[in-house]
Amino acid sequence: MTTEAMTAGGAAARSVAIEAGPRGAKPQKLSASRVGIYAFLIVMALFFLLPLWVMIVTSLKTMPEIRLGQIFSWPQNLTFDPWLKAWDTACTGRDCNGLKPGFWNSVKITALSVPVSIIIAMINGYALSFWKYRGSELLFGILVFGAFVPYQVVIYPLIIGLSKVGLFATLPGIVIIHTIFGMPILTLLFRNFFSSLPIELFKAARVDGAGFWGIFFRIMLPMSVPITIVAIILQVTGIWNDFLFGLVFAGRPNMPMTIQLNNIVVTTTGIREYNVNMAATILTAAVPLVIYFISGKWFVRGIAAGAVKG
Amino acid sequence: MKRVVSVVALCASALLGSTAVRAADVEVIHWWTSGGEQAAVSVFAREFDALGGDNWVDTAIAGGENARSATLQRILGGDPPGAAQFNPGRQYEELIAGGMLLDLTDLATKENWAGFIRPASISEACLVDGRWWCVPVNIHSWNWGWASIPAFEKAGVDVPSNLDEFLAAAPKLKEAGVIPFAIGGESWQISGAFGVVLTAALGLEKREQLFKDRNLEVAGGPEVKKAIETFRSLKQWSDEGSAGRNWNDTTNLVVTDQAGMQIMGDWARGEFGVAGEKPGVDYACIPGPSTPPTVTTDGDIFLFPKQSDPEVERAQLKMASMMVNPQVQALFNNAKGSMPIRDDVDMSLADDCMKLGLSIIKDPANIAIAAGRWINNDTTGQLNDLWAQFWADDSMTVEDAQAKFVEIIKVAE
Amino acid sequence: MAHIAPAKDDLAVAVSGVAAPDRDRRRPFAKLQAVLGTTPMIATAVGVFVICILFSVWWSFTNSKLFPNNNFIGLAQYNRLWANDRWIISVNNIWFFGIMSMTFNMVFGYLLAVFMDQRIKQEDLFRSIFLYPFAMSSIVTGLVWQWMMDPNLGIQETVRNLGWEGFNFAPLARGETAIYGLVLAGIWNGVGVTMAIMLAGLRGVDAEIWKAAKVDGIPAWRTYLFIVLPMMKGAIVTAFILQATGIIRVFDLVIAMTQGGPGISTQMPAIYVIQHITDRVNVGQGMAAATMMLFPIAILIAVRALLEWRARAREKSV
Chain A
20 MTTEAMTAGG AAARSVAIEA GPRGAKPQKL SASRVGIYAF LIVMALFFLL
70 PLWVMIVTSL KTMPEIRLGQ IFSWPQNLTF DPWLKAWDTA CTGRDCNGLK
120 PGFWNSVKIT ALSVPVSIII AMINGYALSF WKYRGSELLF GILVFGAFVP
170 YQVVIYPLII GLSKVGLFAT LPGIVIIHTI FGMPILTLLF RNFFSSLPIE
220 LFKAARVDGA GFWGIFFRIM LPMSVPITIV AIILQVTGIW NDFLFGLVFA
270 GRPNMPMTIQ LNNIVVTTTG IREYNVNMAA TILTAAVPLV IYFISGKWFV
320 RGIAAGAVKG
Chain B
42 MKRVVSVVAL CASALLGSTA VRAADVEVIH WWTSGGEQAA VSVFAREFDA
92 LGGDNWVDTA IAGGENARSA TLQRILGGDP PGAAQFNPGR QYEELIAGGM
142 LLDLTDLATK ENWAGFIRPA SISEACLVDG RWWCVPVNIH SWNWGWASIP
192 AFEKAGVDVP SNLDEFLAAA PKLKEAGVIP FAIGGESWQI SGAFGVVLTA
242 ALGLEKREQL FKDRNLEVAG GPEVKKAIET FRSLKQWSDE GSAGRNWNDT
292 TNLVVTDQAG MQIMGDWARG EFGVAGEKPG VDYACIPGPS TPPTVTTDGD
342 IFLFPKQSDP EVERAQLKMA SMMVNPQVQA LFNNAKGSMP IRDDVDMSLA
392 DDCMKLGLSI IKDPANIAIA AGRWINNDTT GQLNDLWAQF WADDSMTVED
442 AQAKFVEIIK VAE
Chain C
443 MAHIAPAKDD LAVAVSGVAA PDRDRRRPFA KLQAVLGTTP MIATAVGVFV
493 ICILFSVWWS FTNSKLFPNN NFIGLAQYNR LWANDRWIIS VNNIWFFGIM
543 SMTFNMVFGY LLAVFMDQRI KQEDLFRSIF LYPFAMSSIV TGLVWQWMMD
593 PNLGIQETVR NLGWEGFNFA PLARGETAIY GLVLAGIWNG VGVTMAIMLA
643 GLRGVDAEIW KAAKVDGIPA WRTYLFIVLP MMKGAIVTAF ILQATGIIRV
693 FDLVIAMTQG GPGISTQMPA IYVIQHITDR VNVGQGMAAA TMMLFPIAIL
743 IAVRALLEWR ARAREKSV
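Residue numbers (the numbering used here), protein chains in the order written: chain A, 20 to 329; chain B, 42 to 454; chain C, 443 to 760.
These are computed hints drawn from the structure, not numbers from a lab.
Yeah, the Cβ is synthetic: ideal placement off N, Cα and C, and Gly gets one too.
There could be a bad hint or two in this list.
Chain C stretches covered by chain B per the calculated footprint, using a threshold of three residues with CB under 8 Å from any CB of chain B [said to hold, decoys possible]:
| # | stretch |
| --- | --- |
| 1 | 504-510 |
| 2 | 538-549 |
| 3 | 601-610 |
| 4 | 718-725 |
| 5 | 740-750 |
Below, computed lysine-lysine pairings styled on BS3-like, alpha-carbon distance capped at 27 Å [as the list claims (entries may be wrong)]:
| # | chain 1 | residue 1 | chain 2 | residue 2 |
| --- | --- | --- | --- | --- |
| 6 | C | Lys-473 | A | Lys-222 |
| 7 | B | Lys-247 | B | Lys-215 |
| 8 | B | Lys-347 | A | Lys-183 |
| 9 | B | Lys-247 | B | Lys-451 |
| 10 | C | Lys-656 | C | Lys-563 |
Going by beta-carbon spacing under 10 Å, a handful of chain C positions derived as facing chain A [as the list claims (entries may be wrong)]:
| # | residue |
| --- | --- |
| 11 | Leu-478 |
| 12 | Val-492 |
| 13 | Phe-514 |
| 14 | Ile-515 |
| 15 | Leu-517 |
| 16 | Ala-518 |
| 17 | Leu-671 |
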């Protein structure tokens, strides 16, 4: 078989996998089993939405009404002030500017860390699938092991290490940290994706004389768009919501929005404003939520494209 | 023309001045992020900036453990903040020993801190081997009972002044449909409440023997046993919703007259204030709750990690001096709802509960030094676990609990 | 079809791919490129994880307090650890919590995926509903769950007010049941991701399989259970590892919902570790606990490496 035919065959196989839709029974008339399916999904959806309902109604109540303790009831006096306050005027220390000051820092950290960590993990996965070298599997085993370590345990050596090279409390520092801690799961993801590709694809490219980088950029990179979307979603969620690393490694000028969220939400002996807390939480989650909504289709098909099929 | 010249001269001198003493930024890490706390920290920031030249750079990190960890990690990473909030205790003793903190002794001697900081015991948190390493800024007392006056009226009993009276009144409260004893099930709340019960049972002298001298006879003695028994009997008067409940939601039960009394530090006053309640009318603050009343010397301190820039060091000393200034103390503590660290402070704005606390603190015989001065965070943590476990697990006997208590005190460092 | 790997490789490939044949043996220059290309991985695996873990293990034999030090004190930290009620309870809890959470997570993740696979309307909406908890800070969602399970505020009181006086649902109130409350909230938090991965796995299964099953007259549920499920080992393993790392490091959720209570009944190992290396100022003790946490995982990985080594040895001898 020629290279072209092989590649085309592989691509065809891919496109079948990507385009494959639901596999279940074709929709029939409203049968008992269809009713059952919808009933199950709707009950589950209600269970999932219950906490969100509590959060939303709480965020629209005044504090005296919250003190009444009717957590499920619709607000008697509807107020949107908590939302304005959460975004604009809630105190997070001396300053009372709400969540907004950290927003662009979070965007900055996420926008830098997501691509860097994904590109590195992509190369790792590619090398681990097609270019195994002595010890590469051991390295991968260590990475997976590392995914189980509580972050706080490894923070001290990292602080010392980064401050030795002058990157502690800097933007590059936090990007490096996110790259390190995103690496295990992302490498697993990409590794499984590349391993599921037909080996003939790789062999044919080798016969054509392509090297490590040539195959990566010309063949593998274009094929891994869907899985990359998956990785983006995992990373955006993780990095956007990160508090610990942002606090320690980002440095004061780059502190992410989660620090402000934490300052609004957490207090030991101070007054708690639950309505503002709820609004602030939903606002902070907005960016990952938007990513889920707009890329939901890609997310699922990306994984379908072979990431987890083995 | 003359005026123009003088303006120019002024500007020139201002410029000269600023070149002679370069303005420094002092970054301050603290965990005062909620409403009243924000007002208090703003006092410090505003007063510091008003001194001219230097700037207060605010780094608020909610949650004491988060803020303290961040400070320690920043020191380790070679990027220490200019000042950092801690609680008086022993968590920072390794920082002192490691030479990582700015020595404030010269300033303290010059301003005679030892002369006006009262009670003397609070300066012990900062005064180690004759040298000053931190600045106490306020005093919070754990030893308070907060009672709903309408709830006690409803039950037809008097508001108690100590725990024995409370336990006698509890059945009546329950009959009246009131939760007699409100408590949140977080371990710090339970352990704090036990500390109050223990202080009431032991008295201050034996308490000092227990925690300072690690006297095992006291630890295994009848007073401790009585405290544990009292604590167990308090539990039967609590409600089943207490597990994991926040302290403020618990206070809210007293505010709304659903519960009789809560044991909580003086910060609880803020919750009553926000709800528009009046001391003596809607709620009662019971010092101790014990006879005679006691106050603990918990509160907040500031450390000043060593800096490489001498200008920052100069500004740090200026900040330390500002924090103990009587006017600043008055403004700060009125905003924070805590007691000032010196007597010559105008607290006329304070409410009745605060005034009560201030009168009690005048007598050194009422001062219960915060146990954290004598035992380290590790031991405090073990005690938290023990009392939380004892509170939740009715199968754990009083004797078992006391044996474990003795064990922890024995190995305490 | 070409892109479906041989079944025997599925699990190994998904976890580490070791069983897959060495794809390139005799190209030293290209291999050098591969080593260079994975420098960040080498640096991370060796420079961060190996070194950090070795240091952590070493510090567990010292009396480190606020900052790590090198005063060797033997096994004292471990003796204290295993004499501590809270640690024992934490270890029991993590097994219970882990097995419960993982089972429900996998079962419901697969069930939801299968149901979502029935050409339902509004699939995007349903999927987003099941996924949204993943994006929310667990500090606040934990508080909401705490309220909902509060006997006086939450579901129990609401249902009783509707007239069902005997209704009981307040798991967090008692030590014996609190962990079920955590499991419930944990599933809520994590099942959407599992569902998404499973759904993706389902959709990646070769269309021919379905046709063949239909021709043979196998009912749909049997096809899902006995034919499709075994073909999805990769999806299962990926979801499993993702969930397992989350379960073992569970911290925020417990802190927000129960603070480890009532009493110490819902304490978890990660909380023990983190509290000791931070606020309790006992790095040595925290590191001892961390080492114990990683012990079972290390054994698991070692066993896998052993199996794989034997498999390779067998391959060579054939």
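Exercise. Checked against the structure, which of the hints given earlier come out wrong?
Worked result: Checked against the structure, the hints that fail are numbers 2, 3, 5, 7, 13, 14, 15, 16, 17, while the rest are satisfied.
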